[in-house]
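A.B. asks: Single-letter residue listing:
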Amino acid sequence: MLRRNLNLFITATLVLAVIIATLPIGAAKADGGGWGDFFDANGNLLPGVIEAGEVSQPAGWMPDFPAWTGMSAEATYHQYVSPSGETILIPSTTTLFFMAMNPTASGLVNSNGQMGTGLGMGVELSGQVAAGNGVQFISTLFQNLAGMSQVDADKFADAAINGQNVWALFSPDSDVARLLNLFYQLSQNDGNVYLLALLYQSCSNSPAGCPAELCAANPVACDLPPTVEPTDPSPTPPPTCPAPSVSQTSPSLNISPSAPPYPLAVGQDPDKRGADISGSVNIPPVIFTWYEPVYEEVTSCSAAGPNQVSNCTRPNGKPGVTRTGQELKECKVHVEHLPEQINTANARAELSAASRGWIVNDLGASWYGAYVHQGSFNLPKYGSFDMGCSGGGTCSANLQALKVPFADPGLFNLTITVGTNGTSWGGQQITPPRVLTGKGQIKVYVVLPTLIDASTAP
Amino acid sequence: MKPREFVILPKHLITGLLVFIAVAALGYAIIPQAITKLTAPKPAEIAAREGAQVFLSTDSEKGQAAWEESVCKVASEQGCAVLKKSLSPMLWPTVAKGKVRQACQAMKASLSKDIPTTADALHIQEWSVSLECKNLQTGKANAGDIQVLVSENQNGWKFERVMFTQERGNAAP
Numbered sequence: 210m211l212r213r214n215l216n217l218f219i220t221a222t223l224v225l226a227v228i229i230a231t232l233p234i235g236a237a238k239a240d241g242g243g244w245g246d247f248f249d250a251n252g253n254l255l256p257g258v259i260e261a262g263e264v265s266q267p268a269g270w271m272p273d274f275p276a277w278t279g280m281s282a283e284a285t286y287h288q289y290v291s292p293s294g295e296t297i298l299i300p301s302t303t304t305l306f307f308m309a310m311n312p313t314a315s316g317l318v319n320s321n322g323q324m325g326t327g328l329g330m331g332v333e334l335s336g337q338v339a340a341g342n343g344v345q346f347i348s349t350l351f352q353n354l355a356g357m358s359q360v361d362a363d364k365f366a367d368a369a370i371n372g373q374n375v376w377a378l379f380s381p382d383s384d385v386a387r388l389l390n391l392f393y394q395l396s397q398n399d400g401n402v403y404l405l406a407l408l409y410q411s412c413s414n415s416p417a418g419c420p421a422e423l424c425a426a427n428p429v430a431c432d433l434p435p436t437v438e439p440t441d442p443s444p445t446p447p448p449t450c451p452a453p454s455v456s457q458t459s460p461s462l463n464i465s466p467s468a469p470p471y472p473l474a475v476g477q478d479p480d481k482r483g484a485d486i487s488g489s490v491n492i493p494p495v496i497f498t499w500y501e502p503v504y505e506e507v508t509s510c511s512a513a514g515p516n517q518v519s520n521c522t523r524p525n526g527k528p529g530v531t532r533t534g535q536e537l538k539e540c541k542v543h544v545e546h547l548p549e550q551i552n553t554a555n556a557r558a559e560l561s562a563a564s565r566g567w568i569v570n571d572l573g574a575s576w577y578g579a580y581v582h583q584g585s586f587n588l589p590k591y592g593s594f595d596m597g598c599s600g601g602g603t604c605s606a607n608l609q610a611l612k613v614p615f616a617d618p619g620l621f622n623l624t625i626t627v628g629t630n631g632t633s634w635g636g637q638q639i640t641p642p643r644v645l646t647g648k649g650q651i652k653v654y655v656v657l658p659t660l661i662d663a664s665t666a667p
Numbered sequence: 084m085k086p087r088e089f090v091i092l093p094k095h096l097i098t099g100l101l102v103f104i105a106v107a108a109l110g111y112a113i114i115p116q117a118i119t120k121l122t123a124p125k126p127a128e129i130a131a132r133e134g135a136q137v138f139l140s141t142d143s144e145k146g147q148a149a150w151e152e153s154v155c156k157v158a159s160e161q162g163c164a165v166l167k168k169s170l171s172p173m174l175w176p177t178v179a180k181g182k183v184r185q186a187c188q189a190m191k192a193s194l195s196k197d198i199p200t201t202a203d204a205l206h207i208q209e210w211s212v213s214l215e216c217k218n219l220q221t222g223k224a225n226a227g228d229i230q231v232l233v234s235e236n237q238n239g240w241k242f243e244r245v246m247f248t249q250e251r252g253n254a255a256p
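Here the protein sequences come in this chain order: A and B. According to the working numbering, the residues represented by the first sequence are 210 to 667, in order. According to the working numbering, the residues represented by the second sequence are 84 to 256, in order.
Incorrect hints may appear among the rest.
Said to hold, decoys possible - Listed below are the simulated EDC-like cross-link pairs for lysine to aspartate or glutamate, each with C-alpha atoms no more than 16 angstroms apart in a straight line:
| # | chain 1 | residue 1 | chain 2 | residue 2 |
| --- | --- | --- | --- | --- |
| 1 | B | K180 | B | D142 |
| 2 | B | K180 | A | E283 |
| 3 | B | K167 | A | E260 |
As the list claims (entries may be wrong) - Non-contacting residues of chain B with respect to chain A, defined by C-beta distances greater than 10 angstroms in every case (computed):
| # | residue |
| --- | --- |
| 4 | I97 |
| 5 | S169 |
| 6 | G181 |
| 7 | A226 |
| 8 | V245 |
Bear in mind the hints are in silico, worked out from the structure with no lab data behind them. We put the beta carbon where it would ideally sit given N, CA and C, even for glycine.
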C-alpha cells in the first residue's frame, strides 16, 4: 500500500514540476492578482518578481533537539515575492509535513490558495479552515505526503486543526523515521521536490516573511510605513539653465545754455535776446540675456511607488519602474536689447537762493525796489522736446528752448527731468519705470552804471 | 601433651608453589577477560554511542559534507539517506549560523525500548545516551541525554537517527 502511494506520489510530483516549469498556473485569481502576478503566459517570471530562492529560518512548530545540542530544525522554503508583496511559498517536503502538523502556527491556514498534486487548485484554505472544512484538506495532505490511510490521516488532520499534539498520534515504533525516509525517497529524483505551492496575498502573512530586498524597495508591501527615498548626502541638483541677467549702461542727462555767451536779463537788454537752452537725455537699452532650455526625451529606471509593478533594475541594483522624462540637452542663449521708453519730459530754470538774496538785498540797496521778477519757470514753453528711440534701443529726449527771457540776473539752476516706462519682455516687466534728472546752470548778467570821479583821472 | 610436629618436606613446598603459580596464572588470564566480557557494551549500544557522538559533533568550519560523511560512516544506509536528504537541510543552517564547533563523548547509554523485527521494519532499539559536548573554541562543556534509534541488519547494529524532542514518549506537551 505504502509503495503504491509512493509511486503515485512521485509521479504526481513530476507532473507538478512540469506544471510549475511550464505553467499556466491556472489558479490565477479573478481579480487579476494571484499566480498571474508572478508568471507570464509562457511560465516565465515577470519582471520585478523577486526569487528569494531557498530560505531557511527558525520555526517554533518544527521539531527540535535539546538546546544543549546546539541544533534545531529550520523550516525551508523556495520563495517568490511579487513587487506588491504577494508570495508564492514552496515548502520542502519535510517542512510541508510539519506545516501540516501545525497548520495554524505554521501559517498554512493563512494561505490564500495553493496548487499541488491531488490537492486541487485554488482552494481558499483559510476560509475552509475557518468553516471547519480544512480538515479535509489537511487529511488529503497527510495522505499524499506520508501515505497514511484515510483513517490515520483524518485523525492527524483533526488533531492538527484542533491544535492538539499531533506527535502523540505517532506509534511507538517510530513512524517519524519512516516518514523521513519516505521524504528522502521523494526527494531522490529532485533535490527540491515541489509538492505544493502556497500563495499568500502578503509576504507578511507568509511563514517565510518578507525578503529584505522587497522591504527596502517597497516598505508598504512589507506592512511597514513608507519611507522617503534616502537622499544623496551631497545631492547633485538637476541640470538647469542659468538664470536670466539684466544689464544697462548709465543714462546721460545734460542741460546747459548754448547762446549767447553772456546773456543779459531781458529788462536791461534792448534786443530782448534772452538765452538759448539745450537739453538732452540719452537712455541706453536694457540688455536682457536669457537662456532657452532645450530638452530631449530620455528613459530611466527609478523607485517604484507603493502600487507599481517593477519592470527594471535601478542603478543601485534595486527593482524600479521605467519612466520617460525630459532631460536638458543644451541652453540656447538669447540677448534682447530692450528700449526704455521716455513717457514724460520737463525742464525748468530756477533762480538760486543766493541770487534771490543778492537781488533783494544788495541790488535793492542801490536800486530801490529791486525784486525777483520770475524766479522759476518751465523751459519747454520756449521750445519743445523731441523724444524717441533708435533702432539700437537707445531712447532720447532733446530740448531746444530758444530766447528764453530770463528777467532776473543771477545764477539759475537748470533741471531736465524725464520719466520712463521701464522695460518689459514677453509681457514680463524686466526693469521698473523710473524718473531721471539732469542738472545744469546758467548765469544771467546785469549791467549796472557806476559813477566815476573824472577829476582825479590823470 | 606432646606437641604435634608438622614436617614440611621440600616436595610440599614445590607443590604449593606450583599451585600458587597456576592459580595466579589463571587469574591473570581469565578473570579480566571474563570481567571485560561481562561489562563490554553490546553492539547496539556501541552503535548508539558512536552515532550520538558523531551526530552531535558538529564543526561549522569543517562543513556540512564532512559532518554528513562522519555520521554516514556509522549509520545504516537508510539512516545516512535520511540524514542527508531530510535532517541535514533542516539542521545544518542552525549549526552554520551558530558557528557551532563541538566534540561530544558518550558517557553512558541505556536501552529504552526494543522493537522486534516485523514484516515491514527492521529490529529497532531506542537508547538513551548521555553525552558531554565540549566547545572546541571555549572549552566549555555541556551535558545531557538524547534518544537514539539504532537498527539491526545483516551487517550488525547501525545508527539510524537521533529522535526529536517531540518524539519522546510521543506525547511531549
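A.B. asks: Does the structure break any of the earlier hints, and which numbers would those be?
C.D. replies: 3, 5, 6, 7, 8
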